[in-house]
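Engineer: Chain by chain, the residues run as shown.
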Amino acid sequence: MTQRRIPLRMVATARSGDKGNRLNIALVCRDPAHYPEIARQVTAARVAELFTSRRPTAVVRYDLPKLSAFNFVLDDVLEGGVNASLGLDGHGKSLSFLLLTLELRCTEELPELPKQKSADGGNDEKNSAGSGHGCVDALSER
Amino acid sequence: MNVVRIGAGAGFAGDRRDAAMPVVKALAQAEGLRFLIYETLAERTLAASQLARQRDGAVGYNPALAHFLRPVLRDCLDTGIRIVGNFGAANPRAAGQRIVQLAEELGCRLRVGIVEGDDLSGVLSPQDFAAREIDGRLLAAAPPVIAANAYLGAEPIAQALAQGADVVVTGRVADSALALGPLLHAFGWTRDDLDRLAGGTLAGHLLECGAQVTGGYFADPGIKDVPGLAEVGYPILEIAADGSFVVTKPEGTGGRVDRLTVTEQTLYEIHDPAAYLAPDVVLDITDVTIEEVGADRVRVHGARGKRRPDHLKATVCIDGGVLGEAEISYAGPNAAARAKLAADIIRERLARRAPDLQIRVDAIGLVSILGDSKGAALADAWVEGAADVRLRFAAQDKDAGKVEWLLDEVEALYCAGPAGGAGVRRRLVPRLASASCLIERALVAPTVSIIGPSG
Chain W
1 MTQRRIPLRM VATARSGDKG NRLNIALVCR DPAHYPEIAR QVTAARVAEL FTSRRPTAVV
61 RYDLPKLSAF NFVLDDVLEG GVNASLGLDG HGKSLSFLLL TLELRCTEEL PELPKQKSAD
121 GGNDEKNSAG SGHGCVDALS ER
Chain E
1 MNVVRIGAGA GFAGDRRDAA MPVVKALAQA EGLRFLIYET LAERTLAASQ LARQRDGAVG
61 YNPALAHFLR PVLRDCLDTG IRIVGNFGAA NPRAAGQRIV QLAEELGCRL RVGIVEGDDL
121 SGVLSPQDFA AREIDGRLLA AAPPVIAANA YLGAEPIAQA LAQGADVVVT GRVADSALAL
181 GPLLHAFGWT RDDLDRLAGG TLAGHLLECG AQVTGGYFAD PGIKDVPGLA EVGYPILEIA
241 ADGSFVVTKP EGTGGRVDRL TVTEQTLYEI HDPAAYLAPD VVLDITDVTI EEVGADRVRV
301 HGARGKRRPD HLKATVCIDG GVLGEAEISY AGPNAAARAK LAADIIRERL ARRAPDLQIR
361 VDAIGLVSIL GDSKGAALAD AWVEGAADVR LRFAAQDKDA GKVEWLLDEV EALYCAGPAG
421 GAGVRRRLVP RLASASCLIE RALVAPTVSI IGPSG
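Residue numbers (the numbering used here), protein chains in the order written: chain W, 1 to 142; chain E, 1 to 455.
Source of the hints: derived by calculation from the structure; they are not laboratory data. Every residue gets a Cβ at the ideal spot worked out from N, C-alpha and C, and that includes glycine. You may find that some hints are simply not true.
Stated by the list, open to error - Below, in silico cross-link-like pairs of lysine to aspartate or glutamate (EDC-like), each with a Cα-Cα straight-line distance of 20 Å or less:
#1 Lys313/E / Glu440/E
#2 Lys19/W / Asp272/E
#3 Lys66/W / Asp272/E
#4 Lys19/W / Glu43/E
Claimed, not checked - Part of the chain E face toward chain W, derived, beta carbon under 10 Å:
#5 Asn2
#6 His67
#7 Ile223
#8 Thr266
#9 Thr289
#10 Ala354
#11 Gln358
#12 Ile369
#13 Lys374
#14 Tyr414
#15 Cys415
#16 Ser434
#17 Ala435
#18 Leu438
Isolated chain E, as found in the complex (with noise of 0.2 Å):
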């Protein structure tokens, strides 16, 4: 049997719209099965759209997909090739819909399967998920859910595909399940196939992150340089029965495909490299070989698995108070100094108004990024000195009043602060604290519908 070409669309929601265009043309000109896959769902986004779904039925979705589709969809229906994306957040249904309304837009006809029961927020309790959570502590006290997704595996996908969806779209599922699901439906792998199963749950592993594998994420130049990283090729993988698989990219993209890339986005997000834990099998890449076959060609075997989890990973959001973070700049002569006064201005009127608010300082241009929330780093740094200077005051609390106040006393350093004072930005937003549980298989019960245009 051919090669199964899959290429990625997306690696996460904020991604390059027209990504895609190349990897459809590449794959419109290959033979055999092709696929096109977005990871478009962060842990973040899912209990954002809960939130609006519970305001609107008719939203909750990913509203990018129309940005991500619309360039697309026409050719991938022309030629065959076909999608699956996890834009359906909150409401793959209302996703299914919106995909159905956008070809007709477009003057085409598409079936969509659309894979639900990854939600869980009205299966489980909060208690429920107290006991499930692993290494207990968020969610000790049962309090209310936002939203709780179980990571489906691949054979809803897979059963979507087999009743003729020419887009799938999910929900949560795992990562790696859009590209298994395509493979499981392509080459009729059962649950024994163990080394299979897991041959593909790495190739997931590798696309679901987009241009990460051909050369995004990568760059350190004149170190590790990368031609053409602004129009960097999306991957395609051509994928083989046995589970092995080739890497690469469209051509005339720019990016890089080679033993370097493949690499260390084979490693990405994993702990355990013999037992990374996916729903439909344990993947182990200890024996995996990557090897240079071609100019941006790079072959990956030898992965092998293990029999699936017992239970499914689950994520549970809560209301996490809000994040409150406030800027001011100092420059020129003295700027350190000017800076660390406001610091301490800020931190002692605090400690008199709001005296259990963690207040996290840095220090743009001296320690940021690298610093510590206690500060210990940044307290190290100040005599280092800096002509151009931007302190960031951050702290969260489920009292949004205290955190404002924190926000409102870096904005009155303009008047009554330090000489120099410039640039006050501050903002508030929601945050939403997530914890992970361990979920029975038998209290999942994914579904999968087929909707196509009305009438």
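Isolated chain W, as found in the complex (with noise of 0.2 Å):
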């Protein structure tokens, strides 16, 4: 049976901050019902295997319930930051997009979005392929 994943951009939201070396990514779930299987799936440290390249010296995530979001601390990752980085982007402004690259597995938690298209009836899979939206076939990506 082929594991079907989806977008972590489709189920949540991203935004960076910055101080100094440290970069900061809040992720918001979009729907919170879906809170609980992203805590599953989008783990520290698979955030610090993404950010292999910046060489994060500590990532740590911490969780808001309330909020239906997650904080999402990197160390050492703006290489010196807006004061010292020779990259464009010292501030790590871009890098929000970067954890949204993620590739979630679907559960019955977290099924086929987006929900709007399975309102317009008909078979779910067929529309989320169609709009390239929601669940992808991993198989097809490869």
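Two chains, two separate frames, one set of hints: put the complex together.
Structural biologist: Pasting the structure below:
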């Protein structure tokens, strides 16, 4: 059976902020019902792996269940930060979109999206494939 | 007691000059105490201002203050909206005098409250700062200090308002204090009102970046759209005496205020959500509730406070040498291969001529933003190819001559590099390095004074 996947950006939004050489990325669930499943899948370890090229010295995830959100704090990933980095984005403002490239496994709690598509009637699978949104077949991406 | 309304006129020094106009229009029609705040002071701005003041004692404040205030100052004075801004940078007194003069130009009179005392450059020595550096490295050798400013809290702002200031101008204060100051003044909160101070600090945190809470820094077309972003409305918060508040924006403006925009901004630049350190309180947002209560209306409550830190944070700026950047483009068939050849040529020549200069290479169109200074991401990306690549080289050093050598070499690619090199641009700018220090409160003495029209 094919494991179906959904891009994180379809179920969550993200925003970067900086303080010196430290980056934080707020990740907010679009639907609070997805919070537990996103918590299971978007772990600090997985985010650290995603940012390997920036060599984080620590990655911490703070959980905010009342806000249906997480706060990821990545140490030493801004190449010195805005006053020292040789790169164009010393603030790390663009890095929230690197986090949003993560893919999640679809589960019962994290079904195909978007919901409004299924409201059109017909087959969810067809709709999501046709729109380019929602779950994509992991195999078709490779 | 009625709610207090605070609007944001700017979220950073480069913000839209006319952003405050719809905010002032909405505030003018509302009842009760109303304030307009401007956050225009980045770390870099302050050090650059300090250098300007050293050359000319009449400057060193944010010269954009007139652009920001001219469109709204008269309306604010006429309708009782009081203004708080950190336009003062390295010279709050000169900024205050400029505001008095601006009011005269507009045919009005006003009283300006000036908050000083954040400037520590004459108070502590380089060795003193070195001893107080957080994770001390940058200041270890006690280099000459260009600027050193403590983040003041809300109390001096409240004092200036109590003394009748129509406009309060500060240097470095915690951004959130720009809103907490008016709230201390309006509600008479004390240092023991920890949860209220926390609510006011969170209110300031949501206001300080302007449109970032009302749909700015948010739009992702087709994924999360924002209506009318070109005319996005800047925020107005309606704060109650218990520290809870509603976030909204002026009617008829673009943007959106909902759970997602407010939650994203709540966590902006936050590290531990249970301990956001501000000069007046330690803010804990873990029990905060954010709920939509109407169209473009979001209620925020549940902020908790812990006693304020014993120390104040200060930013210390020192000379960081110069930053040089140079760019050149390659387009059409085999563009990526020609660009890579150009990058290899620069690396080879600089390795012989300035072996210790670290050079960053980006290939805009292939990998630039998500790359790394060591170039690992780019090394993997060349093979992908591209029909339009802009190479960017960057280096910094204490020795400007060495950095200029890099820029010269990039320019020389015009004639001596691969085919079709085009559009060289180069720039060399001074760089400031900054460190954070923790300063005992006893060493920081904020002062408040009021100035008005002379004669």
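Engineer: Indicate, hint by hint, whether the structure satisfies it.
Structural biologist: Cross-check of the supplied hints:
no.	hint	in the structure
1	Lys313/E / Glu440/E	9 Å, holds
2	Lys19/W / Asp272/E	12 Å, holds
3	Lys66/W / Asp272/E	15 Å, holds
4	Lys19/W / Glu43/E	11 Å, holds
5	Asn2	28 Å, violated
6	His67	24 Å, violated
7	Ile223	6 Å, holds
8	Thr266	7 Å, holds
9	Thr289	6 Å, holds
10	Ala354	15 Å, violated
11	Gln358	7 Å, holds
12	Ile369	5 Å, holds
13	Lys374	9 Å, holds
14	Tyr414	23 Å, violated
15	Cys415	26 Å, violated
16	Ser434	5 Å, holds
17	Ala435	9 Å, holds
18	Leu438	14 Å, violated
Comparing the model with each numbered hint stated earlier shows that hints 5, 6, 10, 14, 15, 18 do not hold.
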